[in-house]
Amino acid sequence: MIRLVGILIGLGFTFVVLLAFVTGAYTAATEDVAPTAEYTFYEESHGPEAGYSFDGPFGKWDLAQLQRGYQVYKEVCAACHSLNYVAIRDLEELGYSEAQVKAEAATYMVPGVNPDTGEDELRQALPTDYFPSPYPNAVAAAAANGGKIPPDLSLMVKARHHGSDYMYNLLTGYQEAPAELTQQFPDFTIPAGGYYNPYFASLVIGMPPPLLSDGQVTYADGTDATISQMAQDVSAFLTWTAEPKLIERKSTGWPVLGFLLFATILAWLAKKQIWAAAKPRRED
Amino acid sequence: MSFPWAKEYQPQNGVTKFLDEKLPLPRLVYNAVGAGYPVPRNLSYFWNFGVLAGFFLVVQIITGVVLAMHYAANTQVAFASVEHIMRDVNWGWLMRYTHANGASFFFVVVYIHIFRGLFYASYKPPREMIWLLGVTIFLLMMATAFMGYVLPWGQMSFWGAQVITGLFEAIPLVGPPLKTWLLGGFAPDNAALNRFFSLHFLLPFVIAGCVILHIWALHIPGSSNPTGVEVKSESDTLPFHPYYTAKDGFGLGVALIIFMAFVFFLPNQLGHPDNYIEANPLSTPAHIVPEWYFYPFYAILRAFTFDFILPAKLWGVLAMFSSILVWFFLPWLDKSPVRSGHYRPLFRKFFWFGLIPTMAALFYLGGAPAEEPYVMLSQIFTAYYFLHFLVILPIISSIERPDPLPFSITEAVLGSDKKAVLGENAEPAV
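Protein chains in written order, with the working numbering: chain D, 801 to 1084; chain C, 4 to 433.
Bound conformation, chain D alone (with noise of 0.2 Å):
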């Protein structure tokens, strides 16, 4: 009985996914489905070319590199950006010292409280704050930036799909949109306030090119402030961000499992050991 009931609820529930499957299968016969042109487009990030120090499983942090990436988020990026997981007491993980990061925090303004009058004030940072938003509120944000707040930058690297690789290419993909595109899409236009680039999903970013010309940010450490540098230095620094404890995770990865590896070892012997007494053996 049970059985008999079994056999025709199956039935039931394949009859009714046939019957979608056909329909569907109908549907996608006579009907076609243009390909869109973000389909066709979009390109996947593939970051640099030479990569970065933190890839892989025995990656380090480029101290250099992030002090210099910090210094685009701070001259560039932090204009429009938020940054509001990040203490600045954070900084002195980028290799700058107790007295230099509490320099630092004297450089930014944040909202805080007049002890005499209690009245609403701006007071100078200190590195136990964390980084200020650019704007007072998300309404002001939304407001200054055509009605879309600038994303927090924080966790964005791990937000992505592709992580560092997507953020530099972002950040160098800027361009004029292809004339195959046009040809091939005629409806596709680029409204006003909006930016060509294929490594964003849309195909059109509301964000200016935020890296404009060579030199825009003048490094302490004298390198070369080339576009493509300068983005791979913010999308190391972001990557830094969005993940602190990187190098610390990969590098106590090695003994965990250099540990593991031992005692599985050991395990197996011991197990050989103890089943050796049990196998099967031939009479002779």
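It cannot be assumed that every hint is accurate.
[Said to hold, decoys possible] Lysine-lysine pairs mimicking DSSO-like chemistry, simulated, CA-CA at most 27 Å apart: (1) D:LYS1072 <-> D:LYS1045; (2) D:LYS1079 <-> C:LYS422; (3) C:LYS421 <-> D:LYS1079; (4) D:LYS1072 <-> C:LYS421; (5) C:LYS10 <-> D:LYS1079; (6) D:LYS860 <-> D:LYS1050; (7) D:LYS958 <-> D:LYS1072; (8) D:LYS958 <-> D:LYS1045; (9) D:LYS1072 <-> C:LYS352; (10) C:LYS235 <-> C:LYS422; (11) C:LYS20 <-> C:LYS10; (12) D:LYS1072 <-> C:LYS182; (13) D:LYS958 <-> D:LYS948; (14) C:LYS422 <-> D:LYS1072; (15) C:LYS235 <-> D:LYS1079; (16) D:LYS948 <-> D:LYS860; (17) C:LYS25 <-> C:LYS10; (18) C:LYS235 <-> C:LYS10; (19) D:LYS902 <-> D:LYS874; (20) D:LYS860 <-> D:LYS874; (21) D:LYS1045 <-> D:LYS874; (22) C:LYS338 <-> C:LYS316; (23) D:LYS874 <-> D:LYS958; (24) D:LYS1072 <-> D:LYS860.
[Stated by the list, open to error] Stretch by stretch, here's where chain D covers chain C in the computed footprint (C-beta under 8 Å, at least three residues): (25) 7-13; (26) 88-100; (27) 196-209; (28) 346-354.
[Stated by the list, open to error] Here chain C is said to cover these stretches of chain D; the calculated rule only asks that three of the stretch's residues, wherever they fall, bring their Cβ under 8 Å from a Cβ of chain C: (29) 802-809; (30) 870-881.
Derived from the structure by calculation, the hints contain no laboratory data. All C-beta atoms, glycine included, are put in the ideal place defined by N, C-alpha and C.
The hints should help you fit chain C onto chain D, whose structure is shown.
This is chain C only, laid out in the frame that chain D set:
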């Protein structure tokens, strides 16, 4: 409750003698996973995964309790509290990545455990109750994992919660008020986050309770084995300790190496980048997908696209829940007197060339975007899924002619070599 030749626990000193009289916990352990539990001597490495599942449950509970000390279940601060764990809590990143990947590995080992049960028909008498408890544990795990994924309050957390609780809306009449009642609001918000946290903390202990029942029920008939022939005599078994503790120890080492490789080197590989964006009810992600371990069932849900009498969405919901509920009925759907797939030629073909490719395909299709040809493929494999369990399995169990079974486990272990004898079978050389 055990075989007559099972070794009897002998308290060795004053303390264990005292305990054995007042609260015989050492005796319980000895009989459950010690020398007092005789186990078929021919178990393959597929029999390691029950112990591994138990191990990952413990990992999840320990890391989860620590994370709960630092996490704050409030929509205003939940996302930031997770970042606090990742950045400021000592070893917080390790706790969180172990917990997040631990969930994935828990599902990996449980899926292997379930499919071992399906191939060797471990669900057949006298082990039906073990199987029913196992399916219950799997359902509880799904609920727990789903609610856990909502807690970081990222974009996939929010929209996943929106989609899954939205399924209840498909139920006629009571659906919409039921959804509102479950969420404590019209959309996932603070009320939902709080109750999900509460339940996410509670359910693992319910799972642990079910695991105890699962093992208790297992110890009545004893473990099954790859031949599917029941234990007949003492020579068919070995004491659990030291034989299977040693084998499980080695298996655990291998599992830990793979697990830790993910935790330390690929911790976000099994997750979705969108969950590093804070939940935003006003911005819908391009592709809403659940965690990978739900993909097969998500593919079945989305395969129903045609309104046949009932709305397509309701068909999808019914099919998705049925696809797991059908496992409850397996002991009565598959009536073949032979258990092990090794001796069932027809069953074996459908298992390896039907069910396994179907599951692999559904795993892939559940994560693919809802467009052609993925939808059509999901429909074909969904059809096979239901045909396999509800039609093919009952029919082949009555038409199939099984291969001859070995007389006993001992005979199967010795093979065709007439001169082979078992090892001493007494004490191992330690």
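Please write out, lowest number first, the hints stated earlier that are contradicted by the structure. Checked against the structure, the hints that fail are numbers 1, 7, 9, 12, 16, 22, 24, 25, 27, 28 and 30, while the rest are satisfied.
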